[in-house]
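One-letter residues, chain by chain:
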Amino acid sequence: KAGVTQTPRYLIKTRGQQVTLSCSPISGHRSVSWYQQTPGQGLQFLFEYFSETQRNKGNFPGRFSGRQFSNSRSEMNVSTLELGDSALYLCASRTDIYTEAFFGQGTRLTVV
Amino acid sequence: GQSLEQPSEVTAVEGAIVQINCTYQTSGFYGLSWYQQHDGGAPTFLSYNALDGLEETGRFSSFLSRSDSYGYLLLQELQMKDSASYFCAVRDPGTASKLTFGTGTRLQVTL
Chain A
1 KAGVTQTPRY LIKTRGQQVT LSCSPISGHR SVSWYQQTPG QGLQFLFEYF SETQRNKGNF
61 PGRFSGRQFS NSRSEMNVST LELGDSALYL CASRTDIYTE AFFGQGTRLT VV
Chain B
113 GQSLEQPSEV TAVEGAIVQI NCTYQTSGFY GLSWYQQHDG GAPTFLSYNA LDGLEETGRF
173 SSFLSRSDSY GYLLLQELQM KDSASYFCAV RDPGTASKLT FGTGTRLQVT L
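Residue numbers (the working numbering), protein chains in the order written: chain A, 1 to 112; chain B, 113 to 223.
Please note: incorrect hints may appear among the correct ones.
[What the hints assert, rightly or not] Here are some chain A residues pointing at chain B (derived, C-beta under 8 Å):
1) Ala101
2) Gly104
3) Gly106
4) Thr110
Note that these hints are calculated values from the structure, not bench results.
For each residue, glycine too, the CB sits at the ideal point set by N, CA and C.
Go ahead and model the full structure; you've got the sequences and the hints to work with.
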């Protein structure tokens with residue numbers, strides 16, 4: 001069974017640009033969550049989607065947005081990038097909210 | 113809000129036993145999970161405790177005391193490959209869809 005796939009693995013962007021990250025969950029998993037990981041703030045929850053609906057959102061500015069498609073694949077978008085957005089962005093999928101989350105390898109975003 | 117505290121670093125010798133503690137403050141409680149993350153890798157689920165007591169999975173065990181808001185991860189027969197960061201996490205009591213992670217403990221296994 002294939003794991004959670006995130007693309008791209010590495011990305012370098014310039015301040016002010018926007019970026020879209022992609023996540024393909026494990027087959028059969030309808031819940032997809034996104035997390036930001038930085039050395040200073042650790043792992044922080046961004047948002048969670050289930051069956052194309054956002055069910056929960058973390059404390060991030062509106063520049064961070066996401067969506068989920070009918071095949072459960074998810075994308076997150078960050079607009080007007082800031083240096084502080086440099087982080088590892090992790091996607092996690094699970095069958096439902098009562099089961100454990102399986103994480104992808106993440107996308108390492110560097111903003112210069 | 114929710115907060116979880118862990119020691120930042122732990123060092124232990126190969127073959128030894130090490131315990132990583134986690135204390136939490138939550139507005140509700142829906143179980144304590146543990147994840148392992150190697151440098152450059154994805155967090156990997158290790159264990160979950162919903163009730164008080166010890167859960168054992170091979171060389172790893174996890175303990176929970178809800179009355180003390182405390183849990184720990186016990187790693188036995190340490191191997192070099194166990195060198196990684198370990199995170200405890202709790203689920204959001206409202207929706208259970210959000211995980212709040214601890215600060216993480218970096219375990220260094222030495223010869």
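Checked hints:
A cut of 8 Å between beta carbons decides the hint on Ala101 (chain A): the least distance to chain B is about 7 Å, and the hint holds. The beta carbon of Gly104 (chain A) comes within 6 Å of a beta carbon in chain B, closer than 8 Å, and the hint placing it at the interface holds. Checking Gly106 (chain A) against chain B by beta carbon gives a least distance of about 6 Å; that is within 8 Å, so the hint holds. At about 14 Å, the closest approach between the beta carbon of Thr110 (chain A) and any beta carbon in chain B exceeds 8 Å, and the interface hint on this residue is violated.
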